[in-house]
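Trainee: Residues per chain are reported as follows:
2 protein chains.
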Amino acid sequence: MTESADRTLNLRDPASCDPEVSGERGARLARMAQLGVPVPRGVVLPFDLVADMGRHGANTVLEPHLSRALDSLGADTLLAVRSSPLQRDWGGPQAILNIGITDANLPALAARVGQRQALDLYRRLIQSWGAGVAGIDAEDLENILYDRLKLAGVESEEALSVGDLKVLLDDYRAFYLEEVGQPFPQDPATQLKAALEAAAKGWNRPSAKLLRQAKGAPADAGLALIAQRMALGLCSGNSGAGIAHFIEEKTGRPGLNGRYLAQAQGLDAMMGLRTPVLLCRAEREALGISGQSLEESCPLATEALQMAGRLVAHGLGDVFDVQFTIESGVLHVLDAVPARRSARAAVRVVVDLVEQGAITREQALLRIDPRSLNEHLHPQIDPSHRRDPIGRGLAASPGAASGRIVFSPEAAMSLAAQEVETILVRVETSPEDIRGMHAASGLLTVRGGMTSHAAVIARGLGLPCVVGVTDIRLDMKAGTLRCADGRMFHEGDIITVDGSRGEALAGAAEMIQPEISGAFGTLMGWADATRRMRVRANADTPQDARTARAFEVDGIGLCRTEQMFFDEARINVMREMILAETVEERRGALDRLLPMQRGDFVELFEIMAGLQVTIRLLDPPLHEFLPHSRDEMRELAEQMDLPVSHIIHRAEQLQEFNPMLGMRGVRLAVTMPEIYEMQARAIFEAVLEVNSRAEAPVIPEIMIPLVSAAREVELVKARIEAVARDVERETGARLEYRLGVMVETPRAALRAGDLARTASFMSFGTNDLTQMTYGLSRDDAGRFMRDYVNQGVYPEDPFHALDLEGVGELLLIASRRGRKANPDVVLGICGEHAGDPASVRFCELLGFDYVSCSPYRTPIARLAAAQAALLVKAGR
Amino acid sequence: MTESADRTLNLRDPASCDPEVSGERGARLARMAQLGVPVPRGVVLPFDLVADMGRHGANTVLEPHLSRALDSLGADTLLAVRSSPLQRDWGGPQAILNIGITDANLPALAARVGQRQALDLYRRLIQSWGAGVAGIDAEDLENILYDRLKLAGVESEEALSVGDLKVLLDDYRAFYLEEVGQPFPQDPATQLKAALEAAAKGWNRPSAKLLRQAKGAPADAGLALIAQRMALGLCSGNSGAGIAHFIEEKTGRPGLNGRYLAQAQGLDAMMGLRTPVLLCRAEREALGISGQSLEESCPLATEALQMAGRLVAHGLGDVFDVQFTIESGVLHVLDAVPARRSARAAVRVVVDLVEQGAITREQALLRIDPRSLNEHLHPQIDPSHRRDPIGRGLAASPGAASGRIVFSPEAAMSLAAQEVETILVRVETSPEDIRGMHAASGLLTVRGGMTSHAAVIARGLGLPCVVGVTDIRLDMKAGTLRCADGRMFHEGDIITVDGSRGEALAGAAEMIQPEISGAFGTLMGWADATRRMRVRANADTPQDARTARAFEVDGIGLCRTEQMFFDEARINVMREMILAETVEERRGALDRLLPMQRGDFVELFEIMAGLQVTIRLLDPPLHEFLPHSRDEMRELAEQMDLPVSHIIHRAEQLQEFNPMLGMRGVRLAVTMPEIYEMQARAIFEAVLEVNSRAEAPVIPEIMIPLVSAAREVELVKARIEAVARDVERETGARLEYRLGVMVETPRAALRAGDLARTASFMSFGTNDLTQMTYGLSRDDAGRFMRDYVNQGVYPEDPFHALDLEGVGELLLIASRRGRKANPDVVLGICGEHAGDPASVRFCELLGFDYVSCSPYRTPIARLAAAQAALLVKAGR
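Quick mapping for you: the protein sequence lines, in order, are chains A and B.
When you line the first sequence up against the UniProt record's numbering, it's residues 1 to 876, in that order.
When you line the second sequence up against the UniProt record's numbering, it's residues 1 to 876, in that order.
Please note that the accuracy of each hint is not assured.
[Claimed, not checked] If you want a taste of the chain B side facing chain A, the calculated C-beta under 10 Å gives, among others:
#: 1; residue: A651
#: 2; residue: Q653
#: 3; residue: L750
#: 4; residue: Y774
#: 5; residue: P798
#: 6; residue: E805
These are calculated hints, taken from the structure and not from any lab test.
A quick note: this is a predicted structure, and the numbers were derived from the prediction, not measured.
From the three backbone atoms N, C-alpha and C, an ideal C-beta is built for every residue, glycine too.
Whole structure, please, built from the sequences with the hints as guidance.
Mentor: Dropping the structure here:
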């Protein structure tokens, strides 16, 4: 092993900047050293060398050249041995500090650093070396220290007298001799080699392997070691150790803060035995703390820290927390880890880094997890708030809100009139509750899944919502909510819903308010300039359309026309249409719905000002529009002058075993063609009205839901074409429109070639497609999805992350066949997955033209689309 | 056009036996002539010649060589021109008979055939030639005849005097002259050419084209013509015409029967102006008719007919109805069409033909539509019964039954005890009704589709059943059934359900009883010897297993274990299991279910005596087992000593929006693993018990339903394996079993490669797979499926005929991927499609190992599998 000397690397050698050689810590220290950050000199023992040493021992592998390598660090210096795996959280043996002290050189050390300090450093060496190398129980040694502190009547070793420190050191040496059977080694080189070998062997222990493999380390993960000159925070003069942060964790705002402890080593400042000081005066004053901050006691040190922080940010392209030591007034940087930051701070940081020229816009865009943008868009519970959960369910609509419990939409509305915030609590919601949902600040339902009425509407409104909280029980009559632990809440009590985590909490919670300008806006602008795919919003009403515009979308990808019928003023006309006995009666009701729907479309088109609008024709089963309770049925019967039995009978007739798979979507058109004809007419008349005065003409996109056979599309197309010709004849105007289909059954995906011959666009409804591909109702799956994901049956909830292996293959098949049959066919996706970054990336890979999701998720989609474009361009 | 003479073919020329040249009739006549059947001589004008004639006229195309061809038929003979398209039902101009009579040769004809006959033949010529060639309205000519009959005071022209006949002929000639402006043509060759040209041109008329295209003819379908020597049934001596059948239409039993009319032509015997005689004495006597049959008046003629029939059957490989003429005591065969026969007769006929050596077994197997076998297996309403429908629904379970209306299972049971046949009428059925369904003779439900509880159970029981009869209304309190036309039926009134046609009829109906031995049994034996795929039955209970054995199946392909829990004695233990609050309580209930289930399996295995049995673990959502009405809930609460509110709450908790896509199948196992563990133990213990005394050891096949991810299978497999090891430890015995999956979600089909690595068999549940691929609930689709098929949106109901383009592609993908990952994986299908011949053929193409369907459909599957094997072998 004669080449061993060559196999160590100096930290200043550029070769040591490679994490595959030096591990994460080693490579970062080397890079900082290269940047001119004051990193103590040291050598790296790369992965392969440490591996050899683990197998063959330090003597065989390192001799006779190690000492030559160490000579470069300076003679008589104290050394630290630190571990450096490829990823920091894979663990590795604890650092051993102060290597090199012996009985013989102790006096010289004392002369250099002070008597107390030298004694304490020696004791600390025996402590960490004894535990890490000689196998002594660290607690035994600590007990000796605590006994001594107790005897001396002081709280920390700093307060011990020199005499006490000497006795303590003797105690340590004696205990070491007793435990190990030999005196503490008195040769610095022996101390060092044994420390290195122990670290190398410790890495191979089965328990260490298991631990790191649990964190994702591969079986053959290696360890690098760093032998580095000690910067002595225990030293005469202005000496100590601390940690410096360069941003505010919560906001990302630049600003030095942190902790520092004089006469301390390593992470002593964080350990809490003694009280550290703050780094900056401003922070100290803001917190009303007396005494001096480091800035006040040693302004040059903080200035040096500021510059070190800036150097690291520039050189490493991120903001780091820096662990430092001051030895006799001189700064040494011992370590740097990426600065902890909230999701919001992360955006601020990358935008600042771009503006400082430290990273590129592309890097900034790729650095942010799109899902974290949610925190910008909705109020969030302050992470420091103590949570008192009273029920768990599905995180149906993100954001949090506190308010008084109400059990009825009416109560929510009346309290809203008094500007009282409310949380609407229901078993489940139905279309009649919508106005109450508008009035409430948050929503909680006992039943339902991610596509329940409550969840869908709440997401559309941006209303924090938790559904499927099955562990609470409601007594609507008594006006009480009883949670699983037996606690009882009454109407008017204050609770909080956390729609981002799917929890209900007792009481009010402190909130962080949303922020969508500033750095967020800048980042969004870069994303828009980078992405290829268009991002549209799902928006059903003029109000939704306004929200969508506020989010700067490229158009509406899904306007669910049924939402327009749930309005109180319209639902009964809708019901008359459904209950009609003859085609004439049905047409009569439809004639009254026509101007209402046309009016909506006019407003929608005007708001969207020429942007693309895709209107989906009526989709849900008709029974969804009928009243559910006997009281409501009686009311409707009176209004329609019909026997209530007639309404009950009709409702029973329309009832379905599996509404998801029933008489809905295009199937309505095959049996009741008048409905789609009315809708087509409403769209065409609205287009002509708007185009007569608008500058940008509207070319509406009409979408047929739930197709599974090409013939369905041909039938509907012929009828819509006939309506268009009628409207043209009546008005003398020329109509332009596009007709497309929603691909949401597996069969539609398989037959996409047929469909694309008739359709000018295909929009993948991945919610339904996932339900049908898995044979899994999203509303019903909530109950066991958690078990399923926890047991690893599904790697993720397929309703959140597109199932690439199953549903994804259908998208792939469909897009290929569709494009082959009709190269001009426009492809998009309009399920919830359109707001899921991995799914958006998959859409980019398939060459989709657009994604469409809820307005509140469009920022996520915009960033995800930008990332996808960058990654696909880079071939990753 | 000098080659025209060569372009006609003599009927005795073997080239004219090709239907692509001579059409169906021409080719058949030619073949009969070849066989030695006395077919009058004639020439064929093939398709291309007739087409030319249609374009260019007879003179251009036929001259100058036609006469030479006709010379071969003999001079001075009368001719008939008949049309012969490729398929008889594509139509073609009417035959023109007696061509060649002129004023000049009439006396010679009279001398040969008799004065009366000659006059009548001339009149008939003018009638048919005038209408078919000269464009006279046939009715005008007929009116002249009827006027003359009236004047003469007789009923038919046979009774007219020679004088009357002469006057009538003059009237015809005069009318012809008046209408056409020229006298009736007096040159036989002119008559013939005009008749041929008129037929050729008539074929090209747009109305004729439309008519035949509606019957499936291609746009360029051609017409051949036959000019054939007349056999004169209007002739002196023993002359006449008739039709002979050689089997009994209803049973297929051999036996000459038919009609004959003396002094008649063509189909006069069928026209009803005069009363024909029967052919055979036996038939005449059986019907108690006086007079003489043809057999009695001319025994040689019937003997000749018998031989002609046998010759035709041998030569043409089928039994034909023969149209014949006797001219002066000599038999002439004019036409033969395949004998009409009932579905049952068809089987008898092909078996007899094989036994006569007329066809091969393979031909026999291919000749029978497997679906027609249903008529052998269930009582059928006699086709001659006058039907009085009171409601229409879905044909949910074939066969027919009459009985008294009962509205409750209890009433059905109590009347069954008195041996009174009942029809159970319900809105829909639930598991508690099963014993009543056993007791009833037929079942009618207002709601439900082809997979509703009623339909599934009825098919399993072989009970005639109509579901989804939405046009009737029940008043259970009043005990009345009101049908759409307002008629009211009461409990105890007799009605009939026709489960083969999906109809309910008023009153009792005459039935044809099933027959599964005799020819049917012989054919099944041949099918079994021919098919490659195994045919198994879906059988849930020991009783079903016995039925399956009676149908000689190869094993059980699907045993739905849930059916065992619906038994009255067990359902409450099942309910306790479901309502259990803790794992211990649940195990307690399962411990009580274990011996019951084990007992079922013991019985099942013993009945199946070593044949393969595939047991599907629990599949339906748990709420299906809970009581539905408040009364039942109260009862259960009392029994379990629980507050009824608890049961209501639990039932509400378990309720699902889309049970088809909910918490069922393998999903139960992931959240409540104890259930499958109990079932596995019951199977293993039963196997050991049976194997300890049986000769053929049972190797059970355990099937996991509704998988969509390989990890589900791995989880369940590990648990079942653990149970197996436990049982082995406890008993010291060795267990052998196979574990497989049901592929019934599109995702399972796509991921079949993953699944096949863990599963030893994959059984395609095409019912659910079709539902999910289309996004279409079978139970809910009943309402609009008829519209969908009628409007051609779906070519067929995909729940009856496997959708090859969508579901079929998934089967193809899955079978390829499955076999690639595991070449030994056994593939089968266990949906209803397993009893659909086209689907069975598709399974053969994909190389499946077995199909499994309801016991009552296994004969269909056996024959279909045999046909599929033959066709695939032949590369068709």
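Trainee: Next, verify each hint and record whether it holds.
Mentor: Here is how each hint holds up against the structure:
| no. | hint | result |
| --- | --- | --- |
| 1 | A651 | violated, 13 Å |
| 2 | Q653 | holds, 7 Å |
| 3 | L750 | holds, 5 Å |
| 4 | Y774 | holds, 5 Å |
| 5 | P798 | holds, 9 Å |
| 6 | E805 | holds, 6 Å |
Consistency note: the structure conflicts with earlier hint 1 alone.
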